[in-house]
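Q: So you can see what is in the structure, the chains are spelled out below.
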Amino acid sequence: MRKLFLFISMFIIWLFMTWPFSPLKVQDLVTGVIVSILVVLFIGKGQQESKKITEFKRYWWAIVYIPVLVYRMIVANLDVLYRVLHPDMPIRPGIVKIKTKLQSRLARALLCNSITLTPGTLSVDIVGDSIYVHWINVRDVSQAQATEMIAGGFERILKRIFE
Amino acid sequence: MIQVYFWVLLICCFLCIYRIGRGPTPPDRAVAIDLLGTVVVGFSALFTLVSNSDFYMNVAISWTLLSFMGSIAIAKYLEAKSFDE
Amino acid sequence: MIYVIGMIFISIGIFFDLAGCIGLVRLPDVYNRLQSATKCVTLGTCSILFGIFLITGFSPSGLKAILCLVFVLLTSPTGAHALARGAYKYGVRLWDKSVKDDYSEVFKQQEGLQDVENDDTP
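Protein chains in written order, with this note's numbering: chain D, 235 to 397; chain E, 25 to 109; chain X, 7 to 128.
No lab work stands behind these hints: they were computed from the structure.
Since we're looking at a predicted model, the values are computed, not measured.
Note that the Cβ used here is the ideal one computed from N, Cα and C, for glycine as well.
Lysine to aspartate or glutamate pairs mimicking EDC-like chemistry, simulated, CA-CA at most 20 Å apart:
#1 E/LYS100 x D/ASP359
#2 X/LYS95 x D/ASP359
#3 D/LYS259 x E/ASP78
#4 D/LYS333 x D/ASP359
#5 X/LYS95 x X/ASP35
#6 X/LYS95 x E/ASP52
#7 D/LYS335 x D/GLU382
The following label-pair restraints were derived from C-beta to C-beta distances:
#8 D/VAL302 x E/MET93: 28 to 34 Å
#9 D/LEU249 x E/PRO48: 45 to 51 Å
#10 D/LEU249 x X/VAL31: 38 to 44 Å
#11 E/PRO48 x X/ILE8: 43 to 49 Å
Given the sequences, and given the hints that come with them, work out the whole structure.
A: Now the structure itself:
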């Protein structure tokens, strides 16, 4: 089931690459099928993580996730723009440690990417349960408050998508 | 109008090259190379508007993936470098 | 009309690209430079690609622009994360005026363990 899902997504990417398909370009489609099958055979034997691939609530939350991410990205850019173009450069950099409750590896990777794209934060490393985050404007708050400020919203949505 | 965009992107490339030449440490240079890759993706994507063919978009896609692999390789190299000491 | 909207997106993207590169030159250390580099240039390039998609529509170059947008959005933060970790392990310290460094405790623990092992083996 998971391999079939992977094969379909690979093949859709291939169709995007060779978009104007006509009946004369059958060789393109055949090459795409062969390459997709090879790729699935090579990388498809990871551990079985997501069990409910046909549950539609997950896709709904995934669609909700995208506008939230885009909004936070635009805020992040205006924030960095202000700090870069200001003559005094008002930055207080530092590395802080936050905790995550997510278990799935894909969810953690997506959380780290989202943290990197949101205002003033850049994920540096994951050790066990804790993510080390470089923060361009460190505020004097406790670890729980920092976790809520940096990763709060994303963690809730990702928990609904993956767990 | 598009001419102005190309000139601005060229200025971006020169700023990156300045950091590559100046950068005090090797990670600075690696960051600048990564950034240069992303700017060049935008550059070659803009070429599709001028040239009316999708060839440069293929260049952009492959440049994205290759620049990502290059960054990962440089990062792994930097990480392993500290174990020699 | 759609052409004008696309050109506005492209203009915003170019402006963010320029700001990211200025940040790369102005900011004081590797991590802050990565901040400006990742955020501004990722959104800038994505905005350029989205503008091209709006102008060209569902043509080959428009669909490839969407594909390239997804790739940039996925690969750029991952590369920045790898570079930050590599820079820290290479030995680049934080800027002098940095406030806090929680990450150094990981290396203190590892060095402590290594010292103990060295003591045990005469």
